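Please model the complete structure; the sequences and the hints are all you need to start from.
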Amino acid sequence: MFLQKNADANDFTRSEKSAKKRRGIRFLRLKIGIVNILSCPAQISLHLLFMTTKTGSVILIDDDVDDREMFALVIKGLKIQNEVMSFAECHTALEYLESQALNERPFIILCDINLPIMNGVAFKKKIDENEILRKKNIPFIFLSTAFSKTLLEQVHNYNVQGYFLKGLTLDELRKSIALILEYWSLSKHPDDD
Amino acid sequence: MITKNGPIILIDDDIDDLEITSQIITELGVKNEIVCFSSCTDALEHLQSDKRIDQPFVILSDVNLPKMNGVELKKRIDQNDALRKKSIPFIFLSTAYSQAILNEVYELRVQGYFIKGTTINELKETLEMIFRYWTICKHPNSL
Numbered sequence: 236m237f238l239q240k241n242a243d244a245n246d247f248t249r250s251e252k253s254a255k256k257r258r259g260i261r262f263l264r265l266k267i268g269i270v271n272i273l274s275c276p277a278q279i280s281l282h283l284l285f286m287t288t289k290t291g292s293v294i295l296i297d298d299d300v301d302d303r304e305m306f307a308l309v310i311k312g313l314k315i316q317n318e319v320m321s322f323a324e325c326h327t328a329l330e331y332l333e334s335q336a337l338n339e340r341p342f343i344i345l346c347d348i349n350l351p352i353m354n355g356v357a358f359k360k361k362i363d364e365n366e367i368l369r370k371k372n373i374p375f376i377f378l379s380t381a382f383s384k385t386l387l388e389q390v391h392n393y394n395v396q397g398y399f400l401k402g403l404t405l406d407e408l409r410k411s412i413a414l415i416l417e418y419w420s421l422s423k424h425p426d427d428d
Numbered sequence: 144m145i146t147k148n149g150p151i152i153l154i155d156d157d158i159d160d161l162e163i164t165s166q167i168i169t170e171l172g173v174k175n176e177i178v179c180f181s182s183c184t185d186a187l188e189h190l191q192s193d194k195r196i197d198q199p200f201v202i203l204s205d206v207n208l209p210k211m212n213g214v215e216l217k218k219r220i221d222q223n224d225a226l227r228k229k230s231i232p233f234i235f236l237s238t239a240y241s242q243a244i245l246n247e248v249y250e251l252r253v254q255g256y257f258i259k260g261t262t263i264n265e266l267k268e269t270l271e272m273i274f275r276y277w278t279i280c281k282h283p284n285s286l
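Quick note, the sequences are listed as chains A and B, same order. Throughout the first sequence, residue numbering follows this note's numbering, covering 236 to 428 in sequence. Throughout the second sequence, residue numbering follows this note's numbering, covering 144 to 286 in sequence.
Since the hints were made in silico from the structure, they are not lab data. Treat the numbers as computed from the prediction; the structure is a model and nothing was measured. For each residue, glycine too, the CB sits at the ideal point set by N, CA and C. Mixed in with the good hints there might be a few duds.
Said to hold, decoys possible - DEER-style ranges, computed between Cβ atoms:
hint, chain 1, residue 1, chain 2, residue 2, range
1, B, S192, A, E318, 27 to 37 Å
2, A, S383, B, S192, 41 to 51 Å
3, A, K410, B, S182, 31 to 41 Å
4, B, S192, A, D363, 39 to 49 Å
5, B, E176, A, K370, 34 to 44 Å
6, B, I163, A, T327, 45 to 55 Å
7, A, K384, B, L251, 37 to 47 Å
8, A, E330, B, T184, 17 to 27 Å
9, A, I367, B, L251, 39 to 49 Å
10, B, H189, A, D298, 36 to 46 Å
11, A, K384, B, D156, 32 to 42 Å
Structure representation (structure tokens):
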């Protein structure tokens with residue numbers, strides 16, 4: 236009898252936990268929905284005034300589908316004029332960049348670091364090895380969920396233009412992306428004139 | 144505001160500009176030490192002789208300077224193994240730009256090239272954004 240009771244109690248906590256989990260997921264969805272509608276406060280839209288001065292596309296590489304969707308949401312909310320090209324793998328992104336080598340320069344590359352087959356660091360190396368791509372001097376920024384000292388040392392040795400965390404919430408990601416785009420919009424580039 | 148403690152290295156041959164810039168940085172509430180140089184030679188000497196472990200937070204340098212210009216300074220830093228490994232964000236802050244100089248600068252993989260702007264407010268906004276960017280940016284020396 237006692238055992239039975241105990242098992243019931245366990246069942247209860249388990250089901251309560253999963254209910255909480257479900258609520259959490261629903262809450263997250265709701266939050267994404269709200270952000271989607273209201274994601275353009277006055278301060279952000281001001282930044283967009285000069286956003287249009289850089290015309291190239293934003294290249295995004297991330298193997299996580301959910302993360303790519305989050306980026307799309309955030310970037311849509313920022314109302315950027317630039318085209319956004321998303322890739323799940325670095326080698327397809329590299330193929331695209333190479334095929335577009337003689338066309339306009341992408342505005343910026345935002346790349347995840349841990350990716351299967353070719354990771355972000357190897358991708359950056361490949362770009363630097365390609366004379367035409369290297370000379371385009373596209374700001375290369377890592378966006379990752381984690382970091383370690385060894386990894387950061389390795390990454391910064393390539394003279395990249397930044398390493399940012401995606402953050403835990405959509406709002407954190409939005410702030411980081413807005414800041415990155417603002418910074419590189421304002422920074423002068425040889426192709427500006 | 145700034146969580147990274149290293150000093151900010153400012154290089155400009157215009158003493159007025161140096162004063163204005165460091166005053167603005169102080170006004171922004173930035174607690175980092177500000178170390179000013181009016182020549183790249185002095186700045187390089189300081190960076191090379193600095194045996195302390197401390198890591199400069201950023202280098203903000205003018206481009207057009209007599210004797211050694213900003214581009215040459217960045218090259219010298221990259222040639223020095225110990226300095227290069229510090230990966231100090233190197234940002235140009237200038238009054239002017241041309242395509243030729245920008246080509247030269249970007250070849251060095253710098254971390255930005257900004258125009259000082261015509262008003263103090265413009266400079267203030269630019270500096271505020273630069274510090275915000277490098278404060279949020281993850282760096283091996285900020286761990």
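Against the earlier hints, flag every one the structure doesn't satisfy and list their numbers going up. 1, 2, 4, 7, 8 and 9
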